[in-house]
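Trainee: As given, the protein sequences belong to chains Z and X, one line each in that order. Quick note: the first sequence, position 183, residue 554 per my numbering, numbers continuous. Quick note: the second sequence, position 125, residue 127 per my numbering, numbers continuous.
Quick caveat, the hints were computed from the structure, so don't treat them as lab data. Be careful, since some hints might not be right.
Unchecked claim - Here are the computed lysine-lysine pairs in the BS3-like style, where the Cα-Cα straight-line distance is at most 30 Å:
#, chain 1, residue 1, chain 2, residue 2
1, Z, 618, X, 129
2, X, 58, Z, 493
3, Z, 445, X, 92
4, Z, 461, X, 61
5, X, 135, Z, 493
6, Z, 461, X, 135
7, Z, 493, X, 70
8, Z, 488, X, 129
9, X, 44, Z, 468
10, X, 92, Z, 488
11, Z, 488, X, 61
12, X, 44, Z, 445
13, Z, 493, X, 44
14, Z, 493, X, 92
15, Z, 468, X, 133
16, Z, 445, X, 40
17, Z, 488, X, 114
18, Z, 589, X, 129
19, Z, 468, X, 40
20, X, 204, Z, 493
21, Z, 567, X, 114
22, Z, 458, X, 58
23, Z, 468, X, 58
24, X, 114, Z, 445
25, X, 204, Z, 468
Unchecked claim - To give an idea of the chain Z side of the interface with chain X (calculated C-beta under 7 Å), a few residues:
#, residue
26, 376
27, 449
28, 497
29, 498
30, 515
31, 519
32, 571
Values in this document were obtained by computation on a predicted structure and should not be read as measured data. All C-beta atoms in this analysis are idealised placements derived from N, C-alpha and C, irrespective of residue type, glycine included.
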Amino acid sequence: MLRKRIIFTLIYDQNHFMLSRNFRLQKVGNLKWLEKNYKFQEIAFSLDELIVLNASRDKKSIEEFSLMINGLVKNVFIPIAAGGGIKSVKDAELLFKNGADKIVVNSLLIENPTIIKDLVNKYGSQSVVASIDYKKTSNNIEIYINNGNLKIDLSLEEYINYISELNVGEIYLNSIDKDGTGFGYDLETIKQIQSKITIPLIIAGGAGNEIHLIEGIKQKGVSAVATANLYNFMGDGLSNARNKIIKNGDNIANWNVHKRDI
Amino acid sequence: MNVTIVDYGMGNINSVCSALNYIGVNNINISYDFNTLKNSDKLILPGVGAFNQAMKSIKERNIDVYLKELVLNNKTPILGICLGMQLLGKSSSEGGFSEGLGFVNANVMRFKNNNLIVPHVGFNQVKINSKSKLYSGFEDDEADFYFTHSYRMMSDENINQSSCLYDEDFIASFELDNIAGTQFHPELSQHNGLKLLSNFIKKI
């Protein structure tokens with residue numbers, strides 16, 4: 372049976388990793404700090420996948436970001452998706468060359484859908500993840516691009532249809548309201564739209580503990596649950612959460628070969 | 003041990019190199035030069051992207067001719083990964099009908115069920131064929147590996163396949179003497195994948 376995935380999202384801004392709360396960023400440390408304090412390569416062995424997003428609000432340097440990815444992927448044997456500020460096929464190529472297995476696109480979906488099609492043709496649907504940032508108002512769901520700054524004039528359902536026609540491989544659905552809160556995923560919206568999506572759906576925003584991850588995993592249309600909460604899930608947090616989820620009988624991968632056997 | 007990753011200009015070769023390094027392969031080349039390929043103990047054919055484009059790049063670089071000589075005549079072991087495995091088959095319907103390298107009698111088509119969530123992404127259980135050396139040392143009869151693909155391989159012949167279920171049974175891996183392939187990505191499959199790569203290097 373196809374397993375559900377647990378994904379960690381690292382948020383990056385100019386040589387540092389960040390905590391994000393409702394899209395406001397707070398610096399926590401650089402790559403050395405991440406390796407030293409969290410033994411990132413060990414933690415990766417509790418993850419199904421890693422997403423790294425360049426959330427810099429200033430001009431994003433793909434070159435600098437790619438170099439960081441290059442350092443990060445060493446001895447990490449899970450798929451890595453990278454994005455934030457991709458404006459051309461050349462930008463994507465640089466990320467792929469430096470160790471990304473997939474790319475994540477957001478604003479470009481609206482700004483230049485032709486490039487999205489080029490990326491899909493060149494690298495295949497499965498290599499392109501479409502990220503959607505949304506906010507809820509009292510009676511509406513609003514879609515945003517440009518780091519949550521620019522509202523676009525489409526309903527969530529319309530936007531999902533628009534994205535599906537571009538033939539991307541996955542959707543990363545991120546709630547700006549829940550981002551970094553630790554209050555749990557926006558299950559209400561997820562329940563509303565999951566049956567309307569025909570490609571794998573990754574949900575993000577709000578996970579603060581393993582109960583939240585389990586709530587997400589249990590949704591039929593959800594392929595993967597993502598969290599960017601460095602403090603809650605680093606250290607032993609993720610491996611403990613993973614063990615609890617397996618014990619709970621939920622359908623996630625169980626790697627039965629261990630380091631010592633290779 | 004001298005391993006060459008066949009470079010036809012597609013895919014993330016980085017993670018394959020990194021995995022080979024981890025399991026102790028020191029001499030890794032990334033090349034499509036005939037002499038480099040010829041002097042290799044093992045070949046790896048990686049790949050992401052579309053089948054027809056990949057075949058086009060392979061033919062432009064004469065890699066099809068080289069591989070026929072080395073894999074079919076010299077019996078150099080080869081491991082195709084994901085699209086690389088599919089390319090070892092006879093044909094694919096991706097992007098219109100295209101012929102593959104034809105080393106194994108198998109064909110590649112899209113998942114049949116139109117209501118299925120495609121691509122098939124994530125870890126899925128492979129039913130291990132105990133005759134396959136790729137899995138030696140795996141104690142259970144199933145193991146999780148990471149897949150990401152929209153097209154899958156089928157064969158009417160016994161090519162020592164191990165299968166995976168996603169709405170239908172398809173070929174997760176095969177192993178015919180010196181020719182092996184995995185639809186999943188061992189380099190992205192944690193220790194299960196590293197073990198499988200190590201088996202390919204040591205036992206095939």
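Trainee: All hints, please: hold or fail.
Mentor: Structure-based check of each hint:
1. Z:618 to X:129: holds (22 Å)
2. X:58 to Z:493: It holds: about 13 Å lies between the C-alpha atoms, which stays within 30 Å.
3. Z:445 to X:92: violated (35 Å)
4. Z:461 to X:61: holds (24 Å)
5. X:135 to Z:493: Judged against 30 Å, a Cα distance of about 34 Å means the pair is violated.
6. Z:461 to X:135: violated (40 Å)
7. Z:493 to X:70: holds (26 Å)
8. Z:488 to X:129: Violated - the C-alpha atoms of residue 129 (chain X) and residue 488 (chain Z) are around 36 Å apart, more than 30 Å.
9. X:44 to Z:468: Given that 30 Å is the threshold and the Cα spacing comes to 23 Å, the pair holds.
10. X:92 to Z:488: holds (28 Å)
11. Z:488 to X:61: holds (25 Å)
12. X:44 to Z:445: With Cα atoms ~23 Å apart, residue 44 (chain X) and residue 445 (chain Z) stay inside 30 Å; holds.
13. Z:493 to X:44: Distance of about 28 Å is within 30 Å: holds.
14. Z:493 to X:92: holds (22 Å)
15. Z:468 to X:133: Violated, because 36 Å separates the two Cα atoms, which is more than 30 Å.
16. Z:445 to X:40: holds (29 Å)
17. Z:488 to X:114: Given that 30 Å is the threshold and the Cα spacing comes to 24 Å, the pair holds.
18. Z:589 to X:129: holds (25 Å)
19. Z:468 to X:40: This hinted pair holds, its Cα atoms lying about 26 Å apart.
20. X:204 to Z:493: violated (34 Å)
21. Z:567 to X:114: Holds. Residue 567 (chain Z) to residue 114 (chain X) sits at ~20 Å (cutoff 30 Å).
22. Z:458 to X:58: holds (27 Å)
23. Z:468 to X:58: Satisfied, since the Cα-Cα distance of roughly 21 Å is no more than 30 Å.
24. X:114 to Z:445: violated (37 Å)
25. X:204 to Z:468: holds (28 Å)
26. 376: holds (5 Å)
27. 449: holds (6 Å)
28. 497: With Cβ-Cβ at 4 Å, under 7 Å, it holds.
29. 498: Since the shortest Cβ distance to chain X is 6 Å, the answer is holds.
30. 515: Cβ of residue 515 (chain Z) sits 25 Å from chain X, so the hint is violated.
31. 519: With a minimum Cβ separation of about 26 Å from chain X (threshold 7 Å), the hint on residue 519 (chain Z) is violated.
32. 571: holds (5 Å)
Taken one by one, the earlier hints fail for this structure at numbers 3, 5, 6, 8, 15, 20, 24, 30 and 31, listed in ascending order.
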